[in-house]
Amino acid sequence: MQIRINGEDEQVAKSGVSIAELLILKKVESPDMVSVQLNGEIIDRSQYHELRVHEGDELDFLYFMGGGAFS
Amino acid sequence: MKGFTTKAIHAGSRGRDVHGALRVPVYDCVAFEQESGRAIQLAFEGKKPTHTYSRITNPTIEDLEQKMLQLSGGRAALAVASGMAAISNTILTLAGAGDNIVTSPHIFGNTLSLFEKTLQPWGLEVRLVSMSDPVQVADAIDSRTSAVFLESITNPQLEVADCKALSRITREKKVPLVLDNTVMTPYLFNSREFGVDIEILSSTKYISGGATSVGGIIIDTGNFDWGCSAKLHSWTKTSGQFAFLAAMRREIYRNIGACMSPHNAYLQSLGLETMALRIDKSCENALELARFLATKPQVTGVDYPGLKKSACHLIARQQFNNKFGGLLTFDLESKERCFAFMDTMRIIRRATNVNDNKTLILHPSSTIFSEFPEKRKTELGVRPTMLRLSVGIEDVEDLVDDLEKGLRTL
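Protein chains in written order, with this note's numbering: chain C, 18 to 88; chain S, -10 to 399.
A portion of the hints provided could be inaccurate.
Pairs of lysine to aspartate or glutamate residues, derived as EDC-like cross-links and limited to a Cα-Cα distance of at most 16 Å, are as follows [claimed, not checked]: (1) 37(S) - 77(C); (2) 36(S) - 75(C); (3) 163(S) - 88(S); (4) 37(S) - 74(C); (5) 226(S) - 77(C).
Chain S is nowhere near these chain C residues, computed Cβ spacing over 12 Å in every case [to be verified]: (6) 31; (7) 34; (8) 38; (9) 47; (10) 60.
No lab work stands behind these hints, which were simulated from the structure alone. Only a predicted model underlies this, so the values are computations on that prediction, with no experimental measurement involved. The beta carbon of each residue, even a glycine, is placed where N, CA and C say it ideally should be.
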């Protein structure tokens, strides 16, 4: 499927992946320090495993360098 | 990793150093180059995990922030130029004109001065109550209260408030509880477990490892839902649970510019590794000196939370895992006697700092609190007869000897 991540077109081999899986697939460095926006809405971290990404979705991975962590 | 010192030694930044250095080097530089125009745009938008400019982030400082985060168990950490910068950045992030903060008159003199003399004229109301009286605290909170601020052990009054009782109130009222934990550090007091929302540390003190450098740390413990904060609500829409960190990193801290120097971050990461060992010795020495001073006829009073007669002994014992910090105060007959006694010191140094490796003596009334009128000093719990000892890690018999010889001259 094709999605957009941080404004760039990206191909993901598997469709319907969760946000947690996508962070791994895209080799996001320190995923626990990232906030994710899906189609303009910030996603609560508790939903990362449930919420699925679909064809055409637009995601933003947002970083707050140095000192953010999962809690 | 479970042990505090194991974490202090092994925790830190992501990834392996390019040369395999076991200690993150000092990145003593201002700017970081990106591979393209698009990459620098993404970095500015926070969509690329990279450093751009050392006023905002820096790899050596990030390493210290990561260590503090892992040691505290919090959600986010930010290193700043000093402990006072940590307090001012925090209050400016949480509050605006027309808001109020609830705090105690028994806090560090410069902190009180920041609140009353620097921030109050900008429209921040400062409400002073006793943190030992949760009812007073609850009554002082209203819809414009942006924070309740206290110190884990007040300096120099050495009062200890019941943090769990206060956090029950602040949680119910949806107001963040902000604690200056400088004199206990996450080693002796786990702010997150006691319901604190923002922990502030002057890393100049125990963390720096012997007064090597000035710095401050701000920790979001992860307890507070920033969606409940009128000022930070909008940040949750763009930054989720990192709203507090994002508001600082992308606005307040960035714009104020009180960033930590990479060299100081390096020294403080080094200091952290031995911090628990130093704190244990400092606390042990402080208890012994407090007991010694309490036996001396020239001393009219001794205050140390580790003494059973201290009004705060029980709550301190519960909160601080049976250790009571390195600060104590004692009184002599007069200010003149205090000065005469200070002048006899040969090992103990006359200096204004706390939690150095060296034991330091200070007359708070004529120094930290000198800007306040005498009547106000009394209200602030600062007596002209009071001396403060910040107890270091020397061999205690040498400290006892120094004090003993000084007292004999009075």
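Right, here's what the structure says about each hint:
{"no.": "1", "hint": "37(S) - 77(C)", "verdict": "10 Å, holds"}
{"no.": "2", "hint": "36(S) - 75(C)", "verdict": "13 Å, holds"}
{"no.": "3", "hint": "163(S) - 88(S)", "verdict": "14 Å, holds"}
{"no.": "4", "hint": "37(S) - 74(C)", "verdict": "19 Å, violated"}
{"no.": "5", "hint": "226(S) - 77(C)", "verdict": "13 Å, holds"}
{"no.": "6", "hint": "31", "verdict": "23 Å, holds"}
{"no.": "7", "hint": "34", "verdict": "20 Å, holds"}
{"no.": "8", "hint": "38", "verdict": "19 Å, holds"}
{"no.": "9", "hint": "47", "verdict": "5 Å, violated"}
{"no.": "10", "hint": "60", "verdict": "7 Å, violated"}
Consistency with the previously given hints fails for numbers 4, 9 and 10, ordered from lowest to highest.
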